[in-house]
Structure formats: structure tokens, C-alpha cells
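Modelling step: build the complete structure from the supplied sequences, incorporating the hints.
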Amino acid sequence: MSTTVWVILAGAVLTYLTRIGGHMVLSRFESIHPRVEAGLNAVPAAVLTTLVAPAAMNGGIPEIAALTTGVVVSLVAGGMMPMFLSAAAVLILLRHLIG
Amino acid sequence: MTADIAKDSARPRDFAQGVRDSVPVVVAAMPFGLLFGALAVENNFSVFEAVLMSATIFAGASQMVGIDLFGQKVAPWLIVLSILAVNFRHVLYSATTGRRIAHWGPVQRLLGFFMLVDPMFAETERRGETHGTVSFGWYMGAALPLYVFWVAEAWIGALFGNLVPDTHALGIDFLFPIYFMGLVMSFRKRAFWLPVVLMSAAASVLAYRTVGSPWHVSIGAVAGVALAAIMAPDARKGRQAP
Chain A
1 MSTTVWVILA GAVLTYLTRI GGHMVLSRFE SIHPRVEAGL NAVPAAVLTT LVAPAAMNGG
61 IPEIAALTTG VVVSLVAGGM MPMFLSAAAV LILLRHLIG
Chain B
100 MTADIAKDSA RPRDFAQGVR DSVPVVVAAM PFGLLFGALA VENNFSVFEA VLMSATIFAG
160 ASQMVGIDLF GQKVAPWLIV LSILAVNFRH VLYSATTGRR IAHWGPVQRL LGFFMLVDPM
220 FAETERRGET HGTVSFGWYM GAALPLYVFW VAEAWIGALF GNLVPDTHAL GIDFLFPIYF
280 MGLVMSFRKR AFWLPVVLMS AAASVLAYRT VGSPWHVSIG AVAGVALAAI MAPDARKGRQ
340 AP
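Residue numbers (the working numbering), protein chains in the order written: chain A, 1 to 99; chain B, 100 to 341.
Worth double-checking, as some hints may not be accurate.
Here are the computed distance ranges between Cβ atoms for each label pair [what the hints assert, rightly or not]: (1) G204/B <-> H33/A: 22 to 32 Å; (2) L97/A <-> P205/B: 28 to 38 Å; (3) M1/A <-> D265/B: 31 to 41 Å; (4) Q171/B <-> V13/A: 17 to 27 Å; (5) K172/B <-> L17/A: 42 to 52 Å.
These aren't lab readings, by the way, just hints derived from the structure by calculation.
Backbone N, C-alpha and C fix where the C-beta goes; we use that ideal spot for every residue, glycine too.
Set out below in C-alpha cells:
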């Protein structure tokens, strides 16, 4: 097998270990400490924010405006699709206007 | 915290609802799936290798980093390490989602964790929040389309690489940040949401500038999670106070 295939398979095994590892460790404990519980409940907001923040930091006016639109629309209307579509529309429009 | 009231978790209705919930994710992921296939071939991957990578790793960002490093002729072990670094956040997903799917059978869990990518994690947390429990049927309904399309897109992208349009003008390169941002907003009713978001944002930007990518993800995430853990007992006392 080529080096590429070996790298892919090794990457796949390690990726699977990350996807199951957290559960394996946590399930060894019979009860979850309230602090751990609070930490786990914060995981979605914490991780997903790190996937947005540097992109926002590197973004120009269209990107910042799109994200701002998204925040406002989800606060006012709620729902994923209105937020997603309006933010994408602002992004595409401003990229065409400012470049 | 989750009330296990799933009496009939194998309801076909759950699977169908999962498929419906997968639609926006499949649409947002589509350009990236195709782009991955096209870029893989450009970096001297065979079509088989491109499809194999999507089918076995099934994690967009790490796949892009992987093929990029191949193009730069980096040592193989370093590429594997980079893939691990990009995907390390999944340890947190696994620990969090494990609580929601603890009632599944062992084989169901082994399969479910394989598909625990960013959007699956977020959608599962939302489903658990609104329905109290996450059934295997719903999860597969949401995850299978995502997986099947992702693998097929790698194959199509690898075969017809030139079909990928101008991603910048169409805003495609920024669709995922927008989608993730929508997910962040959807969790805003949770305890310590704003402090966690501010902390993770500040820590990830700082880490991005100092340590560099992809470690900013793990560092920013751990900072936010730690803040929630530190704040937790105080809030409980506050609620019990008269």
C-alpha cells in the first residue's frame, strides 16, 4: 500500500479514538461532578465559537456584516434557516459590491 | 439530566425527522465535499485515496489539512499528528454526547461515535435539549445522508475537479463559519452561555495568533469549558439563596 493510504488509515484510527475516547473516560465514573456537568454543557458553545472567532477576525467587511446579520436574525426570528440564508445573502451581496 | 422516556426509540418517524434535520447540513457541506475531492487529486491523490479519506476519516477540516500537507511533502507522521490535532475537539464531543446516547446498545454507540462530526454533535445536543432523549433512529436519519453525500462528493469532486466554481464570489468558503455561528446562537439559553462564548472567542483568537492553528480550537474550547466549570457552584448557591 502507498504511504498515502497508510497516512489516511492512521489518521482515521486516531480520529475515531478521539470520537470515542471522551465517552470511554467519562463512563468510568459512576457519578458526574456538578462542575464536570457544567463544563460538558458548555462544550457546544465553547467549541463552535472557536470555529467562528478566528474566521471573523480574519474577515473583512462582508464577513463581519454577514455574521452580525446572523446574530441579529437569530435573536429576532430564531431558527437556523432564516439566519443562515440571510447571512449568506449579505455575504454574497457585499462581496460583489466591495470585492 | 436527560429523562429516559424513549419507549419506542425505533419509530420510523424519528428516522424521517432525522433526515429532515440533516438537509441544511448536507447543503452546507456539499461544496466542501466536492472541493475536497478536487483538491485531493490536485495534490496527487488517486480517486480511490480521496474517497478512502472521506469514507474513513469523515472530518472535513482535517482532510483539507491532510491533503495540503501532502502537497508540501511533509513527513507522514507529521501529517497524521496534524489530523489528530485538528480533530482533538472530538474528545469533548464524545464525552458530552455519550451522556445522551448511554441508553443505546454497544454496537449502536460504536457506530454513532464514528459519525460524531461537528454538525452531528451540535444537532444531537439540540435534539437532546428539545426532546429529552436522542434515539438511534433519529441519529442515523441525520447522520447517514451526511455520510453518504460526503463520500459521494469526494468521488465526484475527484473525477470532475474543474466543476468547482469560484468559491469566494459565491461565499462558499464562509458558509461553515456562518452555520457554526447559527449553532452557537441556538445554545444561548444554556447556563453561562455569554461568558463561555466570550472566553472561548478571546482564547481562540489569542491562541490562533500565538500558538497557531489548529491548536486554537482545543485551547479556546478548554478555556470556555473550564470557565463554566469554575462558575458552576456559585450559580447553584445563588439559585438556592432566598
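Hint check:
no.: 1; hint: G204/B <-> H33/A: 22 to 32 Å; result: holds (27 Å)
no.: 2; hint: L97/A <-> P205/B: 28 to 38 Å; result: violated (55 Å)
no.: 3; hint: M1/A <-> D265/B: 31 to 41 Å; result: holds (36 Å)
no.: 4; hint: Q171/B <-> V13/A: 17 to 27 Å; result: holds (23 Å)
no.: 5; hint: K172/B <-> L17/A: 42 to 52 Å; result: violated (27 Å)
The structure fails to meet hints 2 and 5 from the earlier list, while all remaining hints are met.
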